[in-house]
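Position chain B against the provided structure of chain A, taking the given hints into account.
Line by line, the protein sequences are chains A and B.
Residue numbers for the first sequence follow the working numbering, so the first one is 1 and each next one is one higher.
Residue numbers for the second sequence follow the working numbering, so the first one is 105 and each next one is one higher.
Since the hints were made in silico from the structure, they are not lab data.
A portion of the hints provided could be inaccurate.
[To be verified] Below, a list of computed lysine to any residue pairs in the SDA-like style, where the Cα atoms sit at most 20 Å apart:
(1) K65/A x D161/B
(2) K265/B x S45/A
(3) K221/B x S45/A
(4) K65/A x R164/B
(5) K172/B x R61/A
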Amino acid sequence: MVTNDQALQLIQDSLDGLHESGIIPDAVRVDDGTVLLGTGSALDSIGFVTFVTEVEDRLQRDTGKDHYLVLADIHEFNAGESYLSAGSLARYISHLLGDSERNG
Amino acid sequence: MADRPVLMVTGSTRGIGRGIASYFLEKGYYVAGCSRGASELESDAYTHATLDIADEDEVRVWVRGVRKKYGGIDLLVCNAGLAPAAVLMTMTPGDLLESIFRTNVNGTFFVCREVAKAMVAQRSGRIVTMSSMAAAIHEEGTAAYAASKAAIVELTKVLAKEVAPAGVTCNVIAPSMFPSEQFSALGEEVTKRALERLVVKRVLTIGEICNVIEFLAAPESRVITGQVIHMGLVS
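If we strip away everything but chain A, and leave its shape as in the complex, we get:
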């Protein structure tokens, strides 16, 4: 099980990694309300795709299992939001890993 705070840290680590490798020009300080996709995001479309792949890779390394972030599922999980915040993604990741554990 991964808590929301742990998932937020994973998001932070992913963004830091992309910044250090020069893919994101500016460092991003992550909190619950940080916009990842939508108006106000520090990521352009290419940056967001890279970020998602980075998060998936880290999840695989951390859990030893393949996990896939599916945007449609995230939207369903966070109905009513027109953007994706770090908090929303963290809750989705926590839920995703919880489901994975329950299903073995």
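Structure of chain B alone, referenced to chain A:
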């Protein structure tokens, strides 16, 4: 990244796909192929996955596995497709239309999407999709097939624009005719009529098709994207 370039090719058990896999194995590539059935290709540099490209989950697992095994993907050739026997549009049943679009459009879409994500992350890669002369000559009896192949052109062009900033190129090859089971399935009347519409009035060789793929994969072709290369036809 691997010590050799890595090619992913769909529909690699038969016809053009098998020819592409064999050609690039000979050129020293690692080749990861897939199809609905098992492969008879035997090479240490070849891995095969049995899957349905129209199944998103299966495609995700396949692409992730190849990326993990080799550390990256240099070239994708989205070749798999259905080419049914010619049937007039007025006689085409809905389930046939759906099965053609499911494999040709959905399948190409899912494979391109997943591989493009990997290529964007690595900031390099080449994607080649397969359209057909059918999308250019509007032959009677090919409405569903030709429409699916036209859709492939459009999705490739849009993807080309989306991933260009990441150094990934996407192009389309539209072969005329290649002697395969699918080619035969179109029926003698259709293939004879189509052959008459060609400028180069003969079937293609696998070497001619692979030559175009190699050209598009070459480092010097990094500025060529969103293009359709017609073979044997003036379009």
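Comparing the hints with the structure gives:
no. : hint           : result
1   : K65/A x D161/B : 15 Å, holds
2   : K265/B x S45/A : 12 Å, holds
3   : K221/B x S45/A : 11 Å, holds
4   : K65/A x R164/B : 13 Å, holds
5   : K172/B x R61/A : 11 Å, holds
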